[in-house]
Amino acid sequence: MVNRMVTGAHYGLRDWLAQRVTAVAIAAYSIFVGAWLLLHPQPGYDGWTGLFSSNVMRTFSLLFLLAVFYHAWIGVRDIVMDYVKPAFIRLAIHVVVILLLVLYTLWSVQILWGM
Amino acid sequence: MKFRIYRYNPETDGRPAMRDYELDLESGDRMLLDALMLLKEQDDSLGFRKSCREGVCGSDAININGRNGLACITPLSSLKQPIELRPLPGLPVIRDLIVDMTQFFKQYHSIKPYLVNNDPPPETERLQSPAARAELDGLYECILCACCSTSCPSFWWNPDKFVGPAGLLQAYRFIADTRDQATAERLDYLEDPYRLFRCHTIMSCVEVCPKGLNPTEAIGKIKDLMVKRMV
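Residue numbers (this note's numbering), protein chains in the order written: chain H, 1 to 115; chain X, 1 to 231.
Just chain X, with the same shape it has in the complex (with noise of 0.2 Å):
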């Protein structure tokens, strides 16, 4: 199997290359992160982030040709040879395919991501009714690997205000949940032509997102709450 892989180290490389790869795979070598693993064997130096290598921890995002992706959960047999493997588009790069995501959660823990509520805590737990349980399905799942950030031209353009898809999911996650009583002023910190109004809803976030989720529907229905307490 044939790869091309981004190598960058900035302490001893002037400028990033593209080097080839060659790997024979045996019959147990079925996701892109076992031929990275692999890779790594043939050549210590390549970095690449990993964790879980089942989907859950979203250590592994990267670009896989042209496309951002998780590598523990791509079949090697659904790509198109040679592969293509860069770090994710738009952050700083560390080294190889491992990006520097300071940005990324940054716009993360902008808006809040925890429960906020200012009655006392009861004596077991909060309880919601399974309707409203069911609100946060299709937002909680998010595993935060950037993929779908990263994909977001507008992320690409303004990193430092752009909330971004990912915190934007998060952010309607926590507006969605009835335990929460900080709705207005999350509503009143995404009033912002960066934060939010910087999304032109072309859903590249929808097309990349490793978790089938959608932030632009979420993004939508942030929206659809602001008009709600404007009219």
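Okay, chain H solo, but in the shape it has when bound (with noise of 0.2 Å):
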């Protein structure tokens, strides 16, 4: 059979703008988080759970690991398409990162409200 050459999947632009305001999610919570470690050097046991306690915070984290995932899918798939090239070989790993993130979200979840 003759291999065509498809392209014209017609997206990427929606991902290219995703993994740029994930950057900025993930930037923001990165300060956040350096600048209450450089107020309390040593949090311990008590000030950890303190500052993770409140729903805000908690919420806060859960956006945080969101925009990481969803970064990381859309990075792992640019990957993926530079180097993995056989379509069937490349869905399977699709799938696998997909269901992997989707697990860690709801570890996510029960992390941080299961205290």
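By construction, these hints were calculated from the structure, which means they are not laboratory data. No experiment lies behind these values; they were computed from the predicted model shown. Take these hints with a grain of salt, some might be off.
Unchecked claim - Per the computed footprint, the stretches of chain X lying under chain H, defined by three or more beta-carbons under 8 Å from a beta-carbon of chain H, are:
| hint | region |
| --- | --- |
| 1 | 27-34 |
| 2 | 78-88 |
| 3 | 216-230 |
As the list claims (entries may be wrong) - Straight-line distance between alpha carbons at most 25 Å, and here's what the computed DMTMM-like set of lysine to aspartate or glutamate pairs gives:
| hint | chain 1 | residue 1 | chain 2 | residue 2 |
| --- | --- | --- | --- | --- |
| 4 | X | K106 | H | D46 |
| 5 | X | K80 | X | E54 |
| 6 | X | K228 | H | D82 |
| 7 | X | K80 | X | D20 |
| 8 | X | K161 | H | D15 |
| 9 | X | K223 | H | D78 |
| 10 | X | K221 | H | D78 |
| 11 | X | K106 | H | D78 |
| 12 | X | K223 | X | D100 |
Cβ coordinates follow ideal geometry from the N, Cα and C atoms, glycine included.
Taking the hints as your guide, dock the two standalone chains into a single complex.
Rendered as structure tokens:
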């Protein structure tokens, strides 16, 4: 069979934009946690549980993790697009990565609200 | 002056090899292309392309000491010896420093590098304001030498799918042209994870362009327009 070259999936912009927006969210959270650690150099168990006891901090953390997972998904897919050519293997890797990221999301909720 | 040059003739050589050359230069020999022409007198089996010998035609683009550039406008005095010359990376080698540019021009053609305007042609010409004309500065000067596209890893990995910096610069040249009426179609064509979005803004293209153009900026402007029409 002739190997046809196929392009024209008509997406890309949304993901490119999402990668930038999630990067801002990741940066904001990292700066916040960095600043908090500077103000509380040795937080200890009580310090950490105190910080994560409010729903605002938990929600902020979940948003940060969701941003990391989405950002990672776009990045991993980009790498797979460049280096894995057979469509079947590529699809399989996509499915595994998506399932893992969904699992991580559920796990994050359990960690943040399960304390 | 010492040279190490990539030699490969697919009809007779099993594999490519680097061959050493030495050359005595005279005071009039200033550019790398002058040296290449003298080397060809020494060894007439050496293959390379050249035409205008003044940085206008883009024929003599090669990889010079690891960096893509035009031999005719690269001063010999700026190069560390031995000067290592290789064909442009990422394209099939026809012979020695001559590469097959088919894939590169296929990508260039894919973006419809011509004005699309369905209005009846005017008596004289389609006029532009000086400001509208100024939009094309930094875009129309491209000579399609392929220095940029062949220094781009995204083009190395996906030369059949990623348009590449040269093609994308030209795509923006027609998007930016006020006389062109196909902006929406052009953006539709480029809205693709491969054709445009393989660019990850590493700017190798800007680094090597012998005409000092900025494909990364043009690609950024295409993305800006896509965002503008989406939101």
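Taking the earlier hints as the rules, which of them does this structure contradict? 1, 2, 4, 6 and 12
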